[in-house]
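There are 2 protein chains.
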Amino acid sequence: MKKIYLVRHAQSEFNEKGIFQGRLDSDLTPLGFVQARMVAKFLQDKEIERVITSPQRRAYKTALTITDVLGLELEVDERIREMSFGVLEGRNFWDLFSQEREMMMGWLKDPVKNPLPTQEPMEEFEKRILSFLEDLKTCDEKNIAVVGHGGTLHGMVCLSLGLGLENLWSVHMDNTGVSLLEYDGNGFTLAYLNKLCHLL
Amino acid sequence: MKKIYLVRHAQSEFNEKGIFQGRLDSDLTPLGFVQARMVAKFLQDKEIERVITSPQRRAYKTALTITDVLGLELEVDERIREMSFGVLEGRNFWDLFSQEREMMMGWLKDPVKNPLPTQEPMEEFEKRILSFLEDLKTCDEKNIAVVGHGGTLHGMVCLSLGLGLENLWSVHMDNTGVSLLEYDGNGFTLAYLNKLCHLL
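Same order as they appear, the protein sequences are chains C and W. In short: position in the first sequence from 1, add 4, done, that's the numbering used here. In short: position in the second sequence from 1, add 4, done, that's the numbering used here.
Just so you know, these hints were derived from the structure itself, not from any lab. Errors might be hidden in some of the hints.
For chains that are exact copies, the list does not tell them apart, and a pair is met inside one copy or across any two.
Stated by the list, open to error - Each computed DSSO-like pair below joins lysine-lysine, with the alpha-carbon atoms no more than 30 Å apart:
{"id": "1", "residue 1": "Lys131", "residue 2": "Lys117"}
{"id": "2", "residue 1": "Lys50", "residue 2": "Lys117"}
{"id": "3", "residue 1": "Lys21", "residue 2": "Lys6"}
{"id": "4", "residue 1": "Lys6", "residue 2": "Lys146"}
{"id": "5", "residue 1": "Lys131", "residue 2": "Lys113"}
{"id": "6", "residue 1": "Lys65", "residue 2": "Lys131"}
{"id": "7", "residue 1": "Lys50", "residue 2": "Lys146"}
{"id": "8", "residue 1": "Lys117", "residue 2": "Lys7"}
{"id": "9", "residue 1": "Lys21", "residue 2": "Lys65"}
{"id": "10", "residue 1": "Lys131", "residue 2": "Lys6"}
Could you build all of it, start to finish, from the sequences and the hints given here?
This is how it looks when you write it as structure tokens:
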């Protein structure tokens, strides 16, 4: 049984300020560095052989803490960079919700039917996530940690379970929430989603 | 925001023996009683107003521990009784897997396309779960705990997210694993799946 631990990045400065991030880049907050350390400790007894991260700073810094604790090399993969949310990036998320409620609700309900203006096309997003999943299926390592973003990790959950990206925002992941995908050579199972015990 | 805490029943005697349970009935094990107590404590600060359980003994006993700790009445609902797995109930689960591997794998991969012989028809199962979900949406209480089974709670997750029952076994819940569905009046979000922090 192959185990793929999906780790959403720790709290970033833009998370703290409520800024809609996407392709933008910000560093971890002091709390974020503590969260990263705690999730690294959680992964310590999981016999992780490989850690793959998105190149963006909030994910990279989280993953670097993990590889430091586990004594592993860090691998960067462009395919799990966050989805581009287009022209809305940089806006305050809660302002956006109050000012563009209908657009934002429609997008959360079904981002395939109601994409945001100038966002990354969903077919391209799907293509890069499926290609990444395919490589995970066929690689030799059995226990792998993937550090990424809400969009890309939700995408991995939806597409590995054979669901469409319509449901991309029907799952939720907090900062350093861990989700476990198991692959038995036949199909994927979601063993848990958004585990946060390490922050207790 | 309405919060629906889905709690899979604690360990039963048939769980311990690896017996494929479905409509069969068995009591909790000593470990099961401890797990029930621990999940009850976890729910204590969640301002739960209503606890609903399947009538089957393993769920009912788990729920009774929860209502004892929370000081609430216990409500029984026939619609969240476990799916009937038909003639295979009572067989050892792992024997079944080694003897009927292809049938069992096909079923786990897609129980709509590959139902078990004489199992409850999937349309009837879907109908009772959807009817139960509809009542939850429209009731006055905001924080509700539902104690049920793998089949019925997975069904609630799949159907509330708008997924088909093809994916019924693509999610996983351990004994007393807690999953949180949030309902904002518009749609459901799965905030976490199979949380087990209370057992640490």
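Hints and how they fare:
In this assembly of identical chains, Lys131 and Lys117 lie within 30 Å of each other by CA distance both inside one copy and across copies; the values are 17 Å within and 27 Å between. Taking the shortest Cα distances, Lys50 and Lys117 never come within 30 Å of each other, neither inside one copy (39 Å) nor across copies (35 Å). Taking the shortest Cα distances, Lys21 and Lys6 sit within 30 Å of each other only across copies (26 Å), while inside one copy they are farther apart (37 Å). Taking the shortest alpha-carbon separations for Lys6 and Lys146, only the intra-copy value of 5 Å comes in at or below 30 Å, while the best inter-copy value is 39 Å.
When the C-alpha separation of Lys131 and Lys113 is checked against a cutoff of 30 Å, the pair qualifies both within a copy, at 21 Å, and between copies, at 23 Å. In this assembly of identical chains, Lys65 and Lys131 lie within 30 Å of each other by CA distance solely inside one copy; the values are 26 Å within and 47 Å between copies. Taking the shortest Cα distances, Lys50 and Lys146 sit within 30 Å of each other inside one copy (10 Å), while across copies they are farther apart (37 Å). Taking identical chains as interchangeable, the C-alpha atoms of Lys117 and Lys7 lie at most 30 Å apart only when they sit on different chains, with a minimum of 27 Å there against 32 Å within one chain.
For the identical chains of this complex, Lys21 and Lys65 are intra-copy neighbours only, at 19 Å inside a copy versus 45 Å across copies, given an alpha-carbon limit of 30 Å. In this assembly of identical chains, the alpha carbons of Lys131 and Lys6 lie at most 30 Å apart only when taken from the same copy (22 Å versus 35 Å across copies).
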